[in-house]
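> Each chain, written out:
Protein chains: 2
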Amino acid sequence: MTIDPAAALAQAMIGRPGSRYRVPTPALVLDEAVLDANIAAMAERVRGRAALRPHAKTHKSAWIARKQIAHGAVGVCCAKLGEVEALSAAGVRGVLLTSPLADTTAPARLCEVARADPDLLCVVDHPDPATALAAEAARRDLRISVLIDVDVGLMRTGVASPDQAVALAEHIARYPSLTLAGVQGYGGHWQHIAGYPARREAVRAGMLRLTAVVTALRAAGHRVELVTGGGTGTVGADLELGVLTELQPGSYVFMDVQYGDALADDADGAFGTSLWVSSQVVSANAAPIVTVDAGLKAFATEGPTPRPASGRFAGSAYAFFGDEHGAVSRPPGTEVRLGERIELVTPHCDPTVDRYDSYHVVSGDTVTAIIAIDAARASR
Amino acid sequence: MTIDPAAALAQAMIGRPGSRYRVPTPALVLDEAVLDANIAAMAERVRGRAALRPHAKTHKSAWIARKQIAHGAVGVCCAKLGEVEALSAAGVRGVLLTSPLADTTAPARLCEVARADPDLLCVVDHPDPATALAAEAARRDLRISVLIDVDVGLMRTGVASPDQAVALAEHIARYPSLTLAGVQGYGGHWQHIAGYPARREAVRAGMLRLTAVVTALRAAGHRVELVTGGGTGTVGADLELGVLTELQPGSYVFMDVQYGDALADDADGAFGTSLWVSSQVVSANAAPIVTVDAGLKAFATEGPTPRPASGRFAGSAYAFFGDEHGAVSRPPGTEVRLGERIELVTPHCDPTVDRYDSYHVVSGDTVTAIIAIDAARASR
Chain A
1 MTIDPAAALA QAMIGRPGSR YRVPTPALVL DEAVLDANIA AMAERVRGRA ALRPHAKTHK
61 SAWIARKQIA HGAVGVCCAK LGEVEALSAA GVRGVLLTSP LADTTAPARL CEVARADPDL
121 LCVVDHPDPA TALAAEAARR DLRISVLIDV DVGLMRTGVA SPDQAVALAE HIARYPSLTL
181 AGVQGYGGHW QHIAGYPARR EAVRAGMLRL TAVVTALRAA GHRVELVTGG GTGTVGADLE
241 LGVLTELQPG SYVFMDVQYG DALADDADGA FGTSLWVSSQ VVSANAAPIV TVDAGLKAFA
301 TEGPTPRPAS GRFAGSAYAF FGDEHGAVSR PPGTEVRLGE RIELVTPHCD PTVDRYDSYH
361 VVSGDTVTAI IAIDAARASR
Chain B
1 MTIDPAAALA QAMIGRPGSR YRVPTPALVL DEAVLDANIA AMAERVRGRA ALRPHAKTHK
61 SAWIARKQIA HGAVGVCCAK LGEVEALSAA GVRGVLLTSP LADTTAPARL CEVARADPDL
121 LCVVDHPDPA TALAAEAARR DLRISVLIDV DVGLMRTGVA SPDQAVALAE HIARYPSLTL
181 AGVQGYGGHW QHIAGYPARR EAVRAGMLRL TAVVTALRAA GHRVELVTGG GTGTVGADLE
241 LGVLTELQPG SYVFMDVQYG DALADDADGA FGTSLWVSSQ VVSANAAPIV TVDAGLKAFA
301 TEGPTPRPAS GRFAGSAYAF FGDEHGAVSR PPGTEVRLGE RIELVTPHCD PTVDRYDSYH
361 VVSGDTVTAI IAIDAARASR
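Taken in sequence, the protein lines are chains A and B.
Residue 84 in the numbering used here sits at position 84 of the first sequence; the count goes up by one each step and never skips.
Residue 165 in the numbering used here sits at position 165 of the second sequence; the count goes up by one each step and never skips.
Think of the hints as simulated: they come from the structure by calculation, not from any bench.
We put the CB at the ideal spot given by N, CA and C, even for glycine.
Honestly, I wouldn't trust all of these hints.
Incomplete in silico selection of chain A near chain B, CB under 8 Å [stated by the list, open to error]: (1) GLY158; (2) VAL159; (3) ASP350.
To be clear about the criterion: a stretch of chain B counts as covered by chain A if any three or more of its residues have a C-beta under 8 Å from a C-beta of chain A, and this derived list gives those stretches [claimed, not checked]: (4) 101-107; (5) 297-308; (6) 314-325.
With beta-carbon atoms standing in for the labels, derived distance ranges [unchecked claim]: (7) A:ARG49 with B:THR334: 43 to 53 Å; (8) B:ALA372 with A:SER310: 27 to 37 Å; (9) B:HIS189 with A:ALA135: 55 to 65 Å; (10) A:THR368 with B:ASP365: 45 to 55 Å; (11) B:ASP119 with A:ALA8: 17 to 27 Å; (12) A:VAL74 with B:ALA372: 36 to 46 Å; (13) B:THR334 with A:PRO288: 49 to 59 Å; (14) A:ALA173 with B:VAL336: 23 to 33 Å; (15) B:LEU208 with A:ALA267: 56 to 66 Å; (16) B:ALA70 with A:ALA12: 30 to 40 Å; (17) A:THR305 with B:ASP357: 26 to 36 Å; (18) A:ARG204 with B:THR334: 31 to 41 Å.
Make a model of the complete structure from these sequences and hints.
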């Protein structure tokens with residue numbers, strides 16, 4: 001058992017008015033009302049036009065996954081096998097593992113999850129992992145549903161052509177322990193294109209590639225029931241184009257600086273910020289800035305900088321100030337006291353969340369619950 | 001108890017030849033022979049010229065702290081109170097907390113650690129936290145040693161002038177439960193200046209500021225025994241200038257791309273790389289690159305990119321490819337097989353280590369131990 005006095009202190013504050021601004025920092029603060037509104041809004045937006053299987057790599061939490069499923073989601077997506085295992089252990093069902101796997105131990109681990117979750121789905125983009133998975137599933141008398149992952153222009157994963165897809169489908173069809181359930185085509189590079197028309201145009205080109213694969217597979221006699229992909233930034237285009245039968249958005253539950261900026265002017269961005277990193281002022285001797293206790297170790301750092309969002313700091317700028325600290329510009333004309341809390345919108349929510357162990361769920365100024373991030377750093 | 005099949009698989013591989021290239025990935029791989037050589041080399045370099053209290057915010061591990069202390073270190077530094085608590089609980093003594101604290105719960109937590117570690121040191125840069133700490137220590141009949149943190153040009157923390165330092169020293173002297181043990185002056189902005197002469201010149205200007213504070217404190221009748229600061233990049237200059245009586249380098253145990261590049265041509269850089277993130281190829285359908293399973297969530301991302309370091313990938317380039325993946329350029333003329341391991345030098349070691357729970361300690365191609373990172377993410 002780890003000794004964590006900070007966690008114990010936070011736990012003891014649950015339910016106390018003002019606790020939001022007293023928990024030890026840096027801490028993830030999550031406004032449940034905004035979270036619930038985001039989950040409801042996405043469910044409403046997609047209803048009747050596509051199935052929704054939100055990506056849980058954003059939140060890594062069974063508690064949030066259950067909220068999404070209660071609003072009609074058919075399950076959740078995971079990016080890593082470790083996430084699948086953690087959420088499955090927490091009772092989440094209908095999981096789609098969206099990354100192809102190569103590790104020789106992956107088939108046994110996947111089959112272990114499939115015993116509890118018969119609706120488990122995974123993707124392949126090469127015959128070898130399919131062969132290994134088929135052998136393991138046959139040994140356990142299981143039948144595993146697989147999707148062919150299709151490269152829609154990102155070059156990250158996926159088969160590169162319709163011919164390669166058909167060859168892989170034929171390979172899969174040889175194994176009674178595998179069922180070809182459909183295809184996946186995800187364009188991560190489209191998600192943050194600013195402006196709906198430009199984003200839709202990029203998605204359209206990618207969906208032509210995906211359609212060519214689906215057509216070739218069907219022409220070769222294969223069943224393609226599920227066509228899955230998409231993210232928070234492309235829901236509008238995905239629904240308009242109608243190629244995907246199932247969508248995988250993740251970040252809409254929290255929103256972040258990246259999505260807030262890119263999608264500010266259109267319907268894809270019509271979600272509220274529900275997540276912040278709470279920091280506190282630990283030094284205030286310099287004239288232009290104050291120093292807070294959240295730095296490079298407290299955020300994802302590959303994108304924009306965190307954005308101060310609390311009261312009089314809402315107009316301030318934040319700059320990284322080493323591993324453990326940040327500099328926040330002083331609001332004019334007021335004293336800043338040591339210990340004052342400053343909440344910051346996360347620059348990129350997924351890898352920021354991954355650095356924490358729990359959400360401090362708030363209603364107004366009160367912490368109402370502390371919820372474990374079940375699959376934090378379950379990256380293997 | 002978290003269900004973590006990947007950790008169990010890795011555990012079962014300990015001692016098996018070739019296990020270094022079979023553990024589930026992404027994983028931190030640590031070469032113990034190089035680590036030990038780095039620890040011995042720094043101890044040798046500093047011996048007789050300054051005391052060494054290495055910064056444990058880099059490794060966050062009691063196992064490595066004990067190695068450093070066995071080589072003559074007087075203790076270790078920590079950046080956060082949570083780190084202090086975690087390493088103290090693991091038996092490490094002589095801890096210096098290098099960041100000033102403001103949280104109202106900090107004095108009680110510090111005093112709790114001081115009961116086990118009478119040599120605990122902490123820093124202050126404002127009277128209010130000193131008052132709170134003095135009251136808590138008096139209540140518990142403890143005497144706590146404090147250093148005055150001095151801003152040597154970074155503007156991050158520390159008193160801004162000799163006058164402010166003297167006023168704070170007088171404030172501290174009022175409390176029998178506090179002992180003024182000295183001063184701290186750390187210049188994080190000097191550590192990566194390329195070239196020894198330029199780095200020494202920057203350090204010299206900062207040490208003049210620190211010396212002015214020490215002189216003023218002594219003139220006002222205060223004892224200044226300890227003068228602490230410095231990092232891996234400034235050891236040479238710190239020893240040459242002779243202002244610091246105690247040094248706090250951290251990253252020399254691992255080295256990383258940042259330090260490797262900045263210090264390549266001088267004695268400060270004479271340490272070996274002991275730490276890598278091991279990844280594996282999960283997709284190889286694209287002609288120019290292969291995709292590995294270590295992306296934005298597997299590294300610190302604010303600096304340079306991770307650098308491939310294994311065999312035929314040693315000349316390859318790495319690019320981030322989303323949250324979970326990286327792109328590694330293909331070495332010419334060879335087939336790449338799925339599951340092949342690619343080890344990468346960490347871009348910035350401290351915040352990379354903070355994302356993991358354990359070191360996979362290796363000797364040659366064999367994992368010899370898996371060591372917990374006791375204070376990982378103990379950031380509060």
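> Going back to the hint list, which numbers does this structure go against?
none
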